[in-house]
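When you get a sec, could you build the whole thing from the sequences and use the hints?
One line per chain: the protein sequences are E and W, in this order. For the first sequence, my numbering begins at 1 and goes up steadily by one. For the second sequence, my numbering begins at 1 and goes up steadily by one.
Since the hints were made in silico from the structure, they are not lab data. Please note that a few of the clues may not be correct.
As the list claims (entries may be wrong) - EDC-like, lysine to aspartate or glutamate: derived pairs with alpha carbons at most 16 angstroms apart:
#1 E/204 - W/102
#2 E/209 - W/103
#3 E/212 - E/262
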Amino acid sequence: MYITRWKTLGILLTTLVVCFFVVPNFLPEKVVQSWPKWAQRQIVLGLDLQGGSHILLEVDTNTVRKEKVESLRDDVRRVVRDNRLGSPAAAVVRGNSVEFRAREGVDRTLALTKLRELSQPLGGILSATGQRNVDVVDAGGGLIRLTPTEPALVERIRQSIEQSIQIVERRVNELGTVEPSIQRQGIDRVLVQVPGLQDPSRLKELLGKTAKLSFRMVDQTTPADQAVQSGRVPPESEILYGTKTEGKTPYLIERRVLVSGEDLTDAQPGFDQRNGEPIVTFRFNNNGARRFAQVTQENVGRPFAIVLDNEVISAPVIREPILGGSGQISGSFTVQGANDLAILLRAGALPAPLTIIEERTVGPGLGQDSIEKGIRASWIGSVMVSVFMIATYGLFGVIATVAVTINVVMIMGILSLFGATLTLPGIAGIVLTVGMAVDSNVLIYERVREEVRSGRSAISSLDAGFTRALATIIDSNTTTFIAAAVLFFVGSGAVRGFALTLGIGIITTVFTAFTLTRLMVAAWFKLFRPKTIPI
Amino acid sequence: MRLLRLVPDDTKFDFMRFRHISFPLSAVMSILAIVLYFSHGLNFGIDFVGGTLIEVQSKAGPADLSRMRTQLNGLNFGDVQLQQFGAPSDVLIRIPQQPGGEDAQQQAVAKVRATLGDAVDYRRVEVVGPRISTELLSYGTLGLMLAIIGILIYLWFRFEWQFALGAMIANIHDIVLTIGFMSLLQLDFDLSSIAALLTILGYSLNDTVVIYDRIREMLRRYKRMPTPELINIAINATLSRSIITHVTVTLALLSLLIFGGPTIHSFTAAMTFGAVLVGTYTSIFIASPLLIYLGVGLGREREAREEAAAAASAKAAPAKT
Numbered sequence: 001m002y003i004t005r006w007k008t009l010g011i012l013l014t015t016l017v018v019c020f021f022v023v024p025n026f027l028p029e030k031v032v033q034s035w036p037k038w039a040q041r042q043i044v045l046g047l048d049l050q051g052g053s054h055i056l057l058e059v060d061t062n063t064v065r066k067e068k069v070e071s072l073r074d075d076v077r078r079v080v081r082d083n084r085l086g087s088p089a090a091a092v093v094r095g096n097s098v099e100f101r102a103r104e105g106v107d108r109t110l111a112l113t114k115l116r117e118l119s120q121p122l123g124g125i126l127s128a129t130g131q132r133n134v135d136v137v138d139a140g141g142g143l144i145r146l147t148p149t150e151p152a153l154v155e156r157i158r159q160s161i162e163q164s165i166q167i168v169e170r171r172v173n174e175l176g177t178v179e180p181s182i183q184r185q186g187i188d189r190v191l192v193q194v195p196g197l198q199d200p201s202r203l204k205e206l207l208g209k210t211a212k213l214s215f216r217m218v219d220q221t222t223p224a225d226q227a228v229q230s231g232r233v234p235p236e237s238e239i240l241y242g243t244k245t246e247g248k249t250p251y252l253i254e255r256r257v258l259v260s261g262e263d264l265t266d267a268q269p270g271f272d273q274r275n276g277e278p279i280v281t282f283r284f285n286n287n288g289a290r291r292f293a294q295v296t297q298e299n300v301g302r303p304f305a306i307v308l309d310n311e312v313i314s315a316p317v318i319r320e321p322i323l324g325g326s327g328q329i330s331g332s333f334t335v336q337g338a339n340d341l342a343i344l345l346r347a348g349a350l351p352a353p354l355t356i357i358e359e360r361t362v363g364p365g366l367g368q369d370s371i372e373k374g375i376r377a378s379w380i381g382s383v384m385v386s387v388f389m390i391a392t393y394g395l396f397g398v399i400a401t402v403a404v405t406i407n408v409v410m411i412m413g414i415l416s417l418f419g420a421t422l423t424l425p426g427i428a429g430i431v432l433t434v435g436m437a438v439d440s441n442v443l444i445y446e447r448v449r450e451e452v453r454s455g456r457s458a459i460s461s462l463d464a465g466f467t468r469a470l471a472t473i474i475d476s477n478t479t480t481f482i483a484a485a486v487l488f489f490v491g492s493g494a495v496r497g498f499a500l501t502l503g504i505g506i507i508t509t510v511f512t513a514f515t516l517t518r519l520m521v522a523a524w525f526k527l528f529r530p531k532t533i534p535i
Numbered sequence: 001m002r003l004l005r006l007v008p009d010d011t012k013f014d015f016m017r018f019r020h021i022s023f024p025l026s027a028v029m030s031i032l033a034i035v036l037y038f039s040h041g042l043n044f045g046i047d048f049v050g051g052t053l054i055e056v057q058s059k060a061g062p063a064d065l066s067r068m069r070t071q072l073n074g075l076n077f078g079d080v081q082l083q084q085f086g087a088p089s090d091v092l093i094r095i096p097q098q099p100g101g102e103d104a105q106q107q108a109v110a111k112v113r114a115t116l117g118d119a120v121d122y123r124r125v126e127v128v129g130p131r132i133s134t135e136l137l138s139y140g141t142l143g144l145m146l147a148i149i150g151i152l153i154y155l156w157f158r159f160e161w162q163f164a165l166g167a168m169i170a171n172i173h174d175i176v177l178t179i180g181f182m183s184l185l186q187l188d189f190d191l192s193s194i195a196a197l198l199t200i201l202g203y204s205l206n207d208t209v210v211i212y213d214r215i216r217e218m219l220r221r222y223k224r225m226p227t228p229e230l231i232n233i234a235i236n237a238t239l240s241r242s243i244i245t246h247v248t249v250t251l252a253l254l255s256l257l258i259f260g261g262p263t264i265h266s267f268t269a270a271m272t273f274g275a276v277l278v279g280t281y282t283s284i285f286i287a288s289p290l291l292i293y294l295g296v297g298l299g300r301e302r303e304a305r306e307e308a309a310a311a312a313s314a315k316a317a318p319a320k321t
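Here is the structure:
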């Protein structure tokens with residue numbers, strides 16, 4: 001049972017350091033903030049304990065793919081127009097490709113050569129992969145088929161998701177909540193976690209909008225009602241409807257975008273000076289201001305439309321040229337509506353729509369209840385286990401209780417050290433660890449008893465008991481550890497918290513069994529030199 | 001002070017004889033569990049089938065369940081379930097997955113909020129869309145299988161293959177019985193149930209490994225002892241430990257079950273059943289006697305015979321000359 005002085009020191013020091021990391025959790029924030037950064041780490045309470053909203057969003061990658069093909073079609077039309085290869089409208093999207101049939105009499109090889117120019121090496125000319133962004137194929141019979149390559153699409157999707165995360169971040173930060181967390185998850189998902197948010201309706205509203213803003217002219221060649229009824233829509237225009245507050249009136253709007261939301265530099269909610277209605281004022285960048293000035297100059301007296309996500313917010317008549325590069329949108333908003341629109345415009349448009357695929361919101365009341373119940377269950381469980389251990393093993397039961405107590409403190413210390421999240425199932429994991437951790441002590445004590453009964457002396461029983469039990473402790477704990485590790489990697493959210501505390505608990509259990517329990521028993525032996533062992 | 005002795009020293013129970021009872025018993029129970037699973041099914045939570053779960057607390061005393069039920073049934077969500085949850089003012093509302101993809105689920109929540117209004121506090125809202133639920137189910141099943149395989153490989157390394165196989169059969173037995181139990185009581189089967197099953201797996205194995213460890217140690221030491229007798233001694237030697245640990249784990253789990261609140265009730269109930277009622281029984285009455293049938297120690301007995309024969313012939317040989 002002899003342990004060298006250095007070993008003893010090492011064990012005590014490790015234990016103390018790990019336990020020390022628990023301290024910041026119990027001190028007022030002011031005190032902790034004056035400490036060095038490394039000592040400030042604390043346990044993070046999961047959303048199920050502190051309340052808040054967990055929202056998992058998925059980026060609609062199909063839209064990204066579709067848009068990529070559509071922009072390729074526009075490129076083809078440009079090439080066709082510039083080189084007089086035929087009617088630009090002959091380039092159409094079919095499935096995942098763009099197909100174009102050159103006009104009779106046009107040199108097909110010229111058409112093919114010109115369209116081949118659209119195919120560029122992926123990642124710029126310096127990239128060495130040899131992959132291109134578009135496949136151009138002569139499909140025979142004068143038909144040329146252009147398809148965006150998979151690597152090009154994957155790259156575009158990757159960019160869209162990164163962009164989406166940035167925009168989601170900006171939108172969420174506008175809500176003014178404390179420490180929201182926005183993370184990418186998997187390939188095409190974004191996880192938004194907002195502690196303390198009780199009703200996520202507004203957040204969901206903000207995240208559910210793509211916020212693609214465009215200024216376009218209203219097509220006045222046909223009245224909108226007539227176009228809707230006859231179904232005859234001019235090819236360069238489309239029918240869009242007004243927002244709900246606007247009464248869902250149909251509008252015939254030109255497809256051509258005069259100025260888009262990308263050219264906005266700022267947007268703020270405000271009130272109309274004439275009638276006090278909530279409005280959104282905005283400011284264009286140089287490019288946008290110039291174009292807007294030009295368009296309004298040319299179209300005085302005609303209506304133009306402000307379109308957000310394919311809904312017409314308003315369609316005012318241009319009374320005079322707007323040259324200052326700023327304007328206002330009034331669309332029978334509520335104060336909140338104007339505020340939200342300003343947030344969306346400032347944050348920018350999402351490259352693709354986001355869909356909420358999972359939501360878990362816990363109110364602060366339930367969180368508090370869970371903390372209280374969890375703590376109560378922990379105390380009661382620990383006390384019952386301790387009482388039972390002391391009743392069974394006496395002094396050695398006290399040693400086991402001390403070991404388990406330190407064990408729990410160390411679990412909390414490690415959780416703090418990594419800034420890990422504690423959830424309600426996580427608390428359950430700690431309680432379960434209390435029940436299972438004493439097993440290592442039980443294994444040791446029972447083994448020692450067996451050795452005593454087989455007639456060994458006190459010291460050699462202790463030695464043999466410890467040595468033999470430790471192999472079993474490792475074996476039996478490894479199995480539970482494997483289960484916890486698997487759970488950690490496949491589980492999500494609160495269940496992951498359970499796997500975490502259970503796994504950490506197993507490590508600390510093995511540590512305390514090998515070191516602290518042994519140390520305490522050795523110290524007791526050294527002090528009293530007993531002839532028999534009282535278990 | 002006299003210490004508590006749950007198990008007297010030097011017990012000599014003939015556990016191996018019980019296998020003629022325990023094996024048929026476990027077989028019948030397992031079949032019952034499987035029949036239950038196929039006839040009653042599991043009460044899958046929204047994690048695995050999608051849908052919406054809302055926990056509300058009535059602001060004005062006990063909740064009027066029947067009134068809320070009429071209100072919510074008016075929304076035509078299909079089979080909406082309402083259940084008192086913990087305190088009389090708390091109600092758990094389950095709405096099945098709505099047709100129409102991910103957005104339809106969100107609209108359902110908005111409608112419930114509009115219908116129940118401010119008369120209640122929304123303590124918890126969970127919405128799991130069709131895509132996530134499919135994924136969670138496949139991840140959960142995958143995790144369970146990975147854990148079993150991982151543990152099997154570990155045991156194979158540390159012991160002989162017979163031990164690994166025995167432990168695995170015992171393991172599957174535990175899982176089947178626990179699933180049957182969950183089906184019988186219609187406990188929520190969700191992501192935390194997978195966690196419970198994995199914990200049961202770990203705990204039951206923990207117990208089994210302690211006995212196996214002793215069996216292995218004795219196999220090395222007593223080469224000539226018949227295997228059933230040897231396993232009996234190993235179980236008796238570790239019996240005190242098995243019972244004491246069993247009690248401590250039970251105490252911890254019971255405190256969670258009774259004081260941990262309704263949110264983790266299904267989780268702790270499954271764990272208590274699996275770990276406390278099944279786990280220890282399996283280690284002693286299933287996992288250990290299985291080793292006899294798997295042929296543990298056969299090689300050792302042959303070795304011992306050969307050694308004896310060799311010794312005998314060595315003795316005989318010099319006599320001849």
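Structure-based check of each hint:
no. : hint          : verdict
1   : E/204 - W/102 : holds (13 angstroms)
2   : E/209 - W/103 : holds (13 angstroms)
3   : E/212 - E/262 : holds (9 angstroms)
Hint compliance for this structure: every hint is met.
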